Structures are given as structure tokens and as C-alpha cells.
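> Given chain A's structure and the hints, the job is docking chain B onto it.
Going down the list, the protein sequences come from chains A and B. Per this note's numbering, the first sequence runs over residues 56 to 160. Per this note's numbering, the second sequence runs over residues 120 to 419.
Warning: the hint list may mix true and false statements.
[Said to hold, decoys possible] Reference listing, derived: stretches of chain B covered by chain A, where coverage requires no fewer than 3 residues with Cβ under 8 Å from a Cβ of chain A:
# : segment
1 : 216-225
2 : 273-279
[As the list claims (entries may be wrong)] Cβ-Cβ distance ranges computed for the label pairs, FRET-style:
# : chain 1 : residue 1 : chain 2 : residue 2 : range
3 : A       : Arg140    : B       : Gly123    : 43 to 51 Å
4 : B       : Ser121    : A       : Leu137    : 44 to 52 Å
5 : B       : Ala125    : A       : Leu78     : 53 to 61 Å
6 : B       : His349    : A       : Ala110    : 41 to 49 Å
7 : A       : Gln143    : B       : Pro311    : 31 to 39 Å
8 : A       : Thr145    : B       : Ala156    : 14 to 22 Å
Simulated from the structure, these hints should not be mistaken for lab results. In this text the structure is predicted, and so the values were computed from the model without any measurement. All residues carry an ideal CB built from backbone N, CA and C; glycine is no exception.
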Amino acid sequence: MSSGTIYGLCGAGLVAMGLAAFLVQAHLLRRLIAFNVMGSGVFLILLGLAPGGGAAADPVAQALILTGIVVAVAASGLVLALARRLHQATGRMSLDAGAGDDERG
Amino acid sequence: MSLGAALDAVLAASLLWIAYACLSSRNLFRAVVLFVAFGLLLALAWARQRAPDVALAEAAIGAGLTGALLLDAVGRLQPAAFRRRRAGAAVLGVAAIGAAALAFGLGRVIAELPAGPADLAGQVAGRLDESGVTHPVTAVLLNFRSHDTLLEVAVLLLAALGARALPPEPPPPLEHAAGDRVLHRLSRLLLPLAVLLAAHLLLVGASRPGGAFQAAAVLAGAAVLLRLTHDLPPRSVPGRGWEAAALAAGLGLFLAVAVGTALFGGHFLGYPPALAGGLIVLVEAALTLSIAFALWTLYP
Chain A
56 MSSGTIYGLC GAGLVAMGLA AFLVQAHLLR RLIAFNVMGS GVFLILLGLA PGGGAAADPV
116 AQALILTGIV VAVAASGLVL ALARRLHQAT GRMSLDAGAG DDERG
Chain B
120 MSLGAALDAV LAASLLWIAY ACLSSRNLFR AVVLFVAFGL LLALAWARQR APDVALAEAA
180 IGAGLTGALL LDAVGRLQPA AFRRRRAGAA VLGVAAIGAA ALAFGLGRVI AELPAGPADL
240 AGQVAGRLDE SGVTHPVTAV LLNFRSHDTL LEVAVLLLAA LGARALPPEP PPPLEHAAGD
300 RVLHRLSRLL LPLAVLLAAH LLLVGASRPG GAFQAAAVLA GAAVLLRLTH DLPPRSVPGR
360 GWEAAALAAG LGLFLAVAVG TALFGGHFLG YPPALAGGLI VLVEAALTLS IAFALWTLYP
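The shape of chain A in the complex, shown without the other chains (with noise of 0.2 Å):
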């Protein structure tokens, strides 16, 4: 089993659980934390499955993937700014209403 495909199968065990996590949990900044590990899990099977061997890693991969770390943290960032006003305006850090899961610590 080559390097890629441990890593690309350990994608596919990110993108589960954190599809799993997005879908179970209320609370903004978690789901915000599950998108990014099933982002990163993205990027282990892209780079996973890119053909191997040679003194590097496939480059065009890597571009794709330097591509989507970038613009995961773009959409983290407004995320986190919406998710603020969200807090600031109405206390909470959900989009249940009236379910009263701010947490702290």
C-alpha cells in the first residue's frame, strides 16, 4: 500500500467524521472546526490519489490544494465574523432558536 493511499484512506476516515460531526452538532464554531477537517480530509485524498512516485509530489496537486487551504481559511475567517455578530447580537452561537448551548471553557 503506498504512502498515498494510507493518507488517502485516512481522507476518506476525515470526511466521515467530519461530515459527521457538521451534521450532529449545533453549536457554530464546532461545525466550523468539522468543515475544516472534512477540508482537510478533501485534500488527503486529492493528493492521495494523484499518481505517485518521483522526487515530488505531484505538482499540479499541490497547487489545487495550496488553492483550497487558502480559500478554507476565507470562508473560516467570514464564518467567524458572521458567527460574531451573530453572538453579539442575539447571545447565542447557534441557529436553533432557543436552544441554549453557548458553551465556555
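What follows is chain B alone, placed relative to chain A:
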């Protein structure tokens, strides 16, 4: 099983374990810390797969900046009743079964998919001389697939504008960093080093792992550190005039180069091989400043 494969197996298992611990942690702060650790282990995994550019970006952006943003957000949550609502057993069951099915399906795809006929790495290596740089990843990012990078910068700009469109926020309730003298001394020491490192990463990206994004992440990290010690002011509502210029400069220059090549050369973003090296350095320099500023704008 060779030593390398054993290391890969251990690293992959650790990634899964730390991700599970992060996602299931009862303590939100602990979850964020585990997420940062996850990012650093992931950078190791990228390095193991001989992808140093991605490893640099993951450590700086994925673990560093995202972690800083999350920690800041956690710090702003008002202390409330520490009561975590448990999802119902039915929801948990469906999610677990769905996740297992997804993992199984993806795993089968990964294990059984044959290598595609297109040898992209070989194609890149074959045309590397015309690209203007000698590092394949930089050639792909800034020349062969520069269209993707153009759109990526536009997406980052959109996110920064979206974050700026929201009203500025009151400072978080607990701010120890402002009075921490060790942090002040350290940040003053680190700032020139960070600028030097960013310049190095930017210029060395033509021939070795590095480039505009990694350099921008280092600069943004230094800016966040200065923000923590109150050496840099928080965002002001109307914004100073130069801030708009700083945000737009990278994308603007990139677009100008793209349109210029369309008008004078042949097609959009088709660099003439003689000028390609110079154009890439120019675009990357502008991108570094703009991306660093956009990343810092996302931080409150």
C-alpha cells in the same frame, strides 16, 4: 513493512485519533487546541508525501491563522450556563451510519481507482523551461493555472470585504496580552525576522518551496501578534483610504497583467516566455502584500 510505511501508518492513525478527540471533546477550548495540533500533524503528513509547499501553507494558514481566529472567537463567548445539548440517539445513529457508509465508499474509490492516463507531473516538467520559474508548484500556480490563482485571490478579497462590512466589535472581555511585557519584547524581536522570512519565502519560491501565499501567511501572523499586543489598532469603521488600495492592489495588478497579455500577446494570462519570470515575481510581490492584508482583515 518498511520504516517509512510504518511511520505513515502511525501518522495516519494519529490524524484520525486526534480528529476524533477534537470533534468529540466536551470542552470547546480543548477542541480548538486539538484542532491546531491536528493541523500541525497534517503538515507532517504533507511533508511525508514530499509536498513541502503544502506543508508550509498548512502549518502557517491551516493551523496557525485558522487556530488564531478560532481562539479569538472562543475568547469572546460570554460565560454562560455550561450545558451542552446532546443530540438525540436517532440523529447520532443516522450520522454514524452515514459516516461509516461514506468512509467505506470513499475508501473503495481510493483503493481501487487506477492511475489516470494523464501524467500531469510529466507535462509540467516538460514545459517548465517556458514558465519563467524553476519550481514546478510555483509554475503551476502562477503560470500554467494562473487563472485559478486569480479567482482564489478574488475569493479572498470577497471574504475580507464581507468581514469588513460587519460593524467593528467591542474588545473581548479578558485581555491579558496587552500588559504582558515578555510578549511585547518578543513581538518586537519577531517583527523584523518575520518580514525577512516573508521576503525570503517570496523570492525563493521561484526555485524552491515557498511563494506568495506562505510569505503572506507569515506577514499576517506577525500582524496578528502586533494586534494582540495593541501595537496595531483595531479596524475602524469607515476604513482608512489606503486600506482599500492595499486590499485591491494584488488582484488589480494580477488583472492588469492578465488583460495586458490578452491585448498585446495572444490570450488572457498567456505570458510570453521571455517575460514570464519577471511578471511572476511582480505579481507575487503584489499578491503577498494584498493577501497578508486580507488575512489580517479577517482577524477582528
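> Okay, which hints does this one fail, numbers in order?
5 and 8
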